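Please put together the full structure from these sequences, using the hints given.
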Amino acid sequence: MRAPVRTMASVALAAAFLLAPVLPARAIEDVVPPHRHWSFQGFFGTFDRAAAQRGFQVYKEVCAACHQLRFIYYRDLGALGFNDDEVKALAAGYEVTAGPNDQGEMFKRPGQPSDRFVTPFPNDQAARAANNGALPVDLSVVVKAREHGPDYVYALLTGYGDVPKDAPKDFKLQPGMNYNAFFPGHQIAMPPPLSDGQVAYADGTKADVPQMARDVVTFLSWAAEPEMEARKEMGVKVVLFLIVLSGLLYAVKRKVWRDVH
Amino acid sequence: MTGAPAMLDNKLVKWVDQRLPIFTMMQHSAIDYPTPKNLSYWWNFGSLAGFMLVVMIVSGVFLAMHYTPHVDYAFASVERIMRDVNYGWLIRYIHMNGASMFFIAVYIHLFRGMYYGSYKAPRELLWWLGIVILLLMMATAFMGYVLPWGQMSFWGATVITNLFSAIPFVGNWIVTLLWGGFSVDNPTLNRFYSLHYLLPFVIVGVVGAHIWALHTTKSNNPLGIDIKGPQDTIPFHPYYTAKDMFGVGVFMVVYALFVFFAPNLLGDPANYIPANPLQTPAHIVPEWYFLPYYAILRATPDNFIGSWMGFTLVPAKLAGVILMFGSILLLFVLPWLDTSRVRSARFRPIYKWVFWLFVICCAALTWAGSQPPEGPALWVARLGTFYYFFHLIVLMPLIGWFERPLALPKSIAEPVLSGGKA
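First to last, the sequence lines map onto chains H and A.
Numbering of the first sequence is given in the numbering used here, commencing with residue 79 and proceeding in unit increments.
Numbering of the second sequence is given in the numbering used here, commencing with residue 67 and proceeding in unit increments.
Since the hints were derived computationally from the structure, they do not count as laboratory data.
The structure displayed is predicted, hence computed values, not measured ones.
Any given hint could be a false lead.
Quick look at which bits of chain H chain A covers, simulated, 3 or more residues with Cβ under 8 Å [unchecked claim]: (1) 174-185; (2) 310-320; (3) 326-334.
Pair ranges (Cβ atoms, derived) [said to hold, decoys possible]: (4) Phe121(H) <-> Gln84(A): 54 to 60 Å; (5) Thr90(A) <-> Gly156(H): 57 to 63 Å; (6) Gly441(A) <-> Ala176(H): 53 to 59 Å.
Virtual Cβ for every residue (Gly too), placed ideally from N, Cα, C.
Below you can see the structure in the form of structure tokens.
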């Protein structure tokens, strides 16, 4: 959504010239990730449902081992094109701690659509203990929480590799860290999460790393802004309405002022 | 245009009006109010600011019904508003971008006042009330930005509240009072929430006084000359109500483009990371409308004032704080710093250009404030800070003395009737 919207908004704001210098200045980053085309960009962009469903599969089978998605409920998956029975079955595949019951005890029961996504660790300390002291971030709004949003997350997922030969001499990879071309500082605790053929897509799409990265970024972009499609759809109507209204108000103004000019 | 309002023909209206003359007042202040007939579209931004104040209060009241002011739940409650409250995303984006739109309107309103000399006699108090509104808006916006309890909320609050520690003797005491403890924490969030709800209504009150003063001195106008008689004015309604409504329409188009298509463009992505007192963001940057002041704050070198012979008279931090607050407080004396008797820059051949230097200076400071204080950005900040004060303290009095203003038109009606610009 960024580039065209940015251009559009800059034009709209030409009057508010004060802002113009601010826009590029926000991009204080080590490396600017290359811009890619996403289905959800632009005035009429929507989430590619097939890609988002595949991305959910990647999240479920890969990311969910460490990363929580604490603001998302299973019921939300309906928006990705899963029907009620599929959502129920998906939720039931998880074990949820509920209670206390009449005896004052917590108990386990199968997940329901009204449950939040099950978290991989009971608390942050447990998450750190299992991950060399690093805390896997919550992914609910991660796409909104990073400069360059989806481009950055994609670049990060596909940006692993060996330390390049032209790296500065004082660059030293700390033990347990991994080189990533796009992570600030280039040292990231998360090991390369994706490898070719890691998941088996039901729709037969070849699951190579770039494909899985694209899919999971689409899914996470939806998770960060589930309201986006409704927002843009309403926005088109609102803006068109306001333009017509402004035109009418201008006509009224002209008519009222005719005897003054 | 005066006399008994037509609406008093209605018996009920008349009954009320005889006991509380609210309808007579409306007739007097919103309908008959004589307004210069030559106001340009730059005069729309006052009503636009008023419109934004209403939008902010209404959207804010609804957000407050769903928000939880607690460090453990604030971030999550905002996400709940975005996801599960009916049209919560719409209300929040209206409120969030509304702050920016409010400042855009107010800044243009302020620059308009500076260009046309609206602060000069007899409108000094009107101008003062405007600056009080600006200061209240800044406090309100700052505290509102803390409420979602993201990384920039927390660290912005930490940086700004810490500024008060630069005040000699009582600084640390004030900071503890602001925090309600010994760091930015739950008590800070709670009092900020309370004040964020309170201050907008204080603003409403001061806006009332601002309009009262306006209606006493009457509006300035692009020619900057006094109203000489009824031929110079038109009633506020329907002329300016119609013109203001058109302004609101256009303004809302821009506003809607932000809300629906770029709701996070003006925000910092880091505020979608929950506040973490143990992790300082790489760059702590305030919202765009605070950037010029932020640049001024960070422009002072360590050895700025009186750091000689091993004796520091004013530490750099205090100097920065003084300059930052001074940059706004100085506006209070602008009516007396400006020695020219001519109000409108249209008839001031030198000030006309110098004004735009001031605008460019503010834009440059805005840019510098968004950058880390180093390299060229730091020098832009220092140069901009210097020019900001040089402009107000030195140029304004000097130009007033030396400039030969152009001949002023005899009246507002004359150039309007002759159909040409003065």
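Right, here's what the structure says about each hint:
1. By the rule of at least three residues with a Cβ nearer than 8 Å to a Cβ of chain A, the coverage given for the segment 174-185 of chain H is violated, with 0 such residues.
2. Counting residues of the segment 310-320 of chain H whose beta carbon lies closer than 8 Å to any beta carbon of chain A gives 7, which meets the minimum of three for the stated coverage.
3. Judged by the Cβ-Cβ criterion of 8 Å, the segment 326-334 of chain H is covered by chain A as claimed, because 5 of its residues qualify and three suffice.
4. The supplied range of 54 to 60 Å is met by phenylalanine 121(H) and glutamine 84(A), whose beta-carbon atoms lie about 56 Å from each other.
5. Roughly 58 Å separates the CB atoms of threonine 90(A) and glycine 156(H), a value that falls within the hinted 57 to 63 Å.
6. For the pair glycine 441(A) and alanine 176(H), the beta carbons lie near 57 Å from each other, so the given range of 53 to 59 Å is met.
Violation of the numbered hints given earlier is confined to hint 1; every other hint is satisfied by the structure.
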